[in-house]
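**Student:** Sequence:
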Amino acid sequence: MLTVLSCDVMEVEPQNSISAEAAFQNKEDIEKGILGAYASFQGLSYYGRTYSIFSDLSADNLSHPSAATATEYAEVDNNNILPENGSIDGIWSIIYDGINVANNVIVKVPTIDDMTEQEMNVALAELYFIRALNHFNLMNYFGAIPIKTMPTVGVTNLDAPRDPVSEVYSQIINDLNFAVEYLPVSSNKTRSSRYAAVALLARVYLYKKDYQQAITKASEVIADGGYTLLPNYNDIFVVDQSAESIFEIYFSETERNRIAEYNFPHALNGRREVEPDPTLISAYETGDERFPVSIAYEGTDAYANKYSDLSLGADNFIVLRIADMYLIRAEAEASMGSPNVTSVQNDINEIRTRAGLLPIFQTSTSQLLTTIEKERRVEFAFEGQRWFDLVRTNRALPLLPHVNSTNQTLFPIPSEEIQTNNDPGMIQNPGY
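For what it's worth, full-length UniProt numbering labels the leading residue of the sequence shown as 1, then goes sequentially.
These are computed hints drawn from the structure, not numbers from a lab.
Here the structure is a predicted model, which means the values were calculated and not measured.
Some clues are possibly wrong.
Stated by the list, open to error - Here are the simulated BS3-like pairs of lysine-lysine, each with C-alpha atoms no more than 30 Å apart in a straight line:
hint : residue 1 : residue 2
1    : Lys148    : Lys209
2    : Lys108    : Lys148
3    : Lys27     : Lys108
4    : Lys209    : Lys374
5    : Lys208    : Lys374
6    : Lys148    : Lys27
7    : Lys148    : Lys208
Build the full structure now, drawing on both the sequences and the hints.
**Tutor:** Below, the structure written as structure tokens:
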């Protein structure tokens, strides 16, 4: 049986526990299936709360207060995670659920009689983007993972080995290249588009350390995508689908996130399971206009405030925005053998100037990379990027007190996966 989730972006009716054959008979059914694949992103274990919070919590942007109650969060804060951690299992499960929904729709697209070849390619491109983002997000936490390109229905196709990171990258890039070729340019930023796929490729290439490709893709988005840095940093998070946003996850009163609930203090009816780390607060320069947007105070209690809709949880979560393209291009250029220093400075200063700060004029590669690391930290605080930035640049071990081994730079494969996946290639990460 196949579960098809529903998202009310298009106000479609949910379909649950229907056969894969009956679920997809025409292009309207395919559209519902695509929306179901997007719906996985809204899960509380995913962009609805845990996935992004844990990237800041396992790094040095968030801390778990001593009075907080979620022991699974304390494990992440201390980088002492048990394979039985239910929140980690939730991340693994919801992302593979999203991949499986996408794969179930992908195999049905070629069988739909009332779709033209162009319509089929556009639908596949959208699903490939979803699948690529899911595989990428899994790999960033867990390293080598099973690549899933065929649906799991019933008890079939359950056991799978972990594929090497290089092969995961290849699958992600192949999916995104197809998406770039066939996705249209779109103003709906809660759905994938051509430039969302190009932007995600820029991030993927940066992580892969293919710096020239990262520069090329980021430059294409900056030059041709039609996105702009908003003069007021606060407007990025006040208005959904702003001119700065490239791709974001849709939330509403009925499909809510719980990000504010876990960040806000008790006095504001939040749970305060996390709070801004003092080292992040001190990382902001005097006059940085990003600070009062990112961090607020209730008395002496600081709390993350970018996603602040506590009552409804209806603020969209931004996955890709144009500021990231500038800093991706700057970092990739600075990491090249003979970087264009002026180009790196210009990209950094685009971000700093918008924040109300003076430009930088460093010229050495090490200084520029340190500046980019710091700018990424404060620019994308509480957007779920810090841990991945430190791990991919090999900076987690020297910067994070609780990371004492490179083994701790990958999260454990959930114990339930280890116990139920009978493939001999499904093995635990070292140190767990």
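**Student:** Output the indices of the hints that this structure fails to meet, ascending.
**Tutor:** none
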